[in-house]
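Just so we're aligned: 172 in our numbering is position 172 of the sequence shown, and the numbers increase by one with no gaps anywhere.
Treat each hint with caution, since some may be false.
Keeping only pairs whose Cα atoms sit at most 30 Å apart, straight-line, the calculated DSSO-like set for lysine-lysine is [unchecked claim]: (1) Lys112 x Lys12; (2) Lys152 x Lys174; (3) Lys12 x Lys152; (4) Lys218 x Lys174; (5) Lys116 x Lys152; (6) Lys12 x Lys218.
Derived DEER-like restraints, expressed as beta-carbon distance ranges [stated by the list, open to error]: (7) Asp108 x Thr47: 25 to 31 Å; (8) Glu213 x Gly85: 25 to 31 Å; (9) Trp166 x Glu24: 33 to 39 Å; (10) Val133 x Ala194: 17 to 23 Å; (11) Pro134 x Lys12: 36 to 42 Å; (12) Gly145 x Asp63: 33 to 39 Å; (13) Ser230 x Ser120: 19 to 25 Å; (14) Ala179 x Gly78: 32 to 38 Å; (15) Gln59 x Ala194: 40 to 46 Å.
Simulated from the structure, these hints should not be mistaken for lab results. Since the structure is predicted, the reported quantities are computational estimates derived from the model, not experimental observations. The beta-carbon is built from N, C-alpha and C at its ideal position, and this holds for glycine as well.
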Amino acid sequence: MSSEETDLRDEKPQFVLPLVVRIERDAPPSRTDALETAARAVLEILTDDRSLGEGEWAQAMTDWQDARIRKVVRRARGAEWRRAGTLPGIAVTGAEAEVRVFPPVPLDGWPKELAKLQVSGTDLDDPAEPGPVPDGAVVLWINPGLDMSAGKTMAQVGHGAQLLWWAMADADRKAWREAGFPLAVRTATPERWAALTADGTGLPVVRDAGFTEIAPGKTVVSEGSHLFASRLRLRQA
Numbered sequence: 001m002s003s004e005e006t007d008l009r010d011e012k013p014q015f016v017l018p019l020v021v022r023i024e025r026d027a028p029p030s031r032t033d034a035l036e037t038a039a040r041a042v043l044e045i046l047t048d049d050r051s052l053g054e055g056e057w058a059q060a061m062t063d064w065q066d067a068r069i070r071k072v073v074r075r076a077r078g079a080e081w082r083r084a085g086t087l088p089g090i091a092v093t094g095a096e097a098e099v100r101v102f103p104p105v106p107l108d109g110w111p112k113e114l115a116k117l118q119v120s121g122t123d124l125d126d127p128a129e130p131g132p133v134p135d136g137a138v139v140l141w142i143n144p145g146l147d148m149s150a151g152k153t154m155a156q157v158g159h160g161a162q163l164l165w166w167a168m169a170d171a172d173r174k175a176w177r178e179a180g181f182p183l184a185v186r187t188a189t190p191e192r193w194a195a196l197t198a199d200g201t202g203l204p205v206v207r208d209a210g211f212t213e214i215a216p217g218k219t220v221v222s223e224g225s226h227l228f229a230s231r232l233r234l235r236q237a
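The whole structure should be built from the sequences, with the hints applied where relevant.
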């Protein structure tokens, strides 16, 4: 994207896609499951009938995507989670994680049920190392040199899933959606990260603007699988 295109996007009204992750004190989800669930939640709202054509969310989705693609993750539990569930949106569940995604809202116009929720406190851990990538799943690779909260990382992998969706051919999109968006989130080794971000790979790369937590730079690279978007894979030497 050229600097002129970036400037035009910055001049437009800014919207944000709200995501809310359920974090109960006694039963927080594992970090990787929360990340993968958030990424699927973004895909679910992108492809929902209400977001397309003449759907009730279509204009908000268009306005959001015409400006900077912002996502903010907040946490909720108990009554907060139940109140958030009264708003129009989509609930997505993982093995343990529960994430709700809502149609975009103006940057300074959050509904009160969501505005009161905290952005901080989304630190989550994996009790064990994530297992191997499931066969056929696309992979959202995290930059190994960054230290991001779970909430920040959820937003970044959501960006990565969205960029991969945009880069896919129609046939891949259809197959991936019908399969339920199989994906995995993993932290790349330094060696793999260097290969993923090398010139000429053509893989979708998330470049964070550096507004929160980290300096501007590359955060996530999206890679297809042998089943979905096979042309968007790192070619082995």
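Determine which of the earlier numbered hints do not hold for this structure and return their numbers in increasing order. 13
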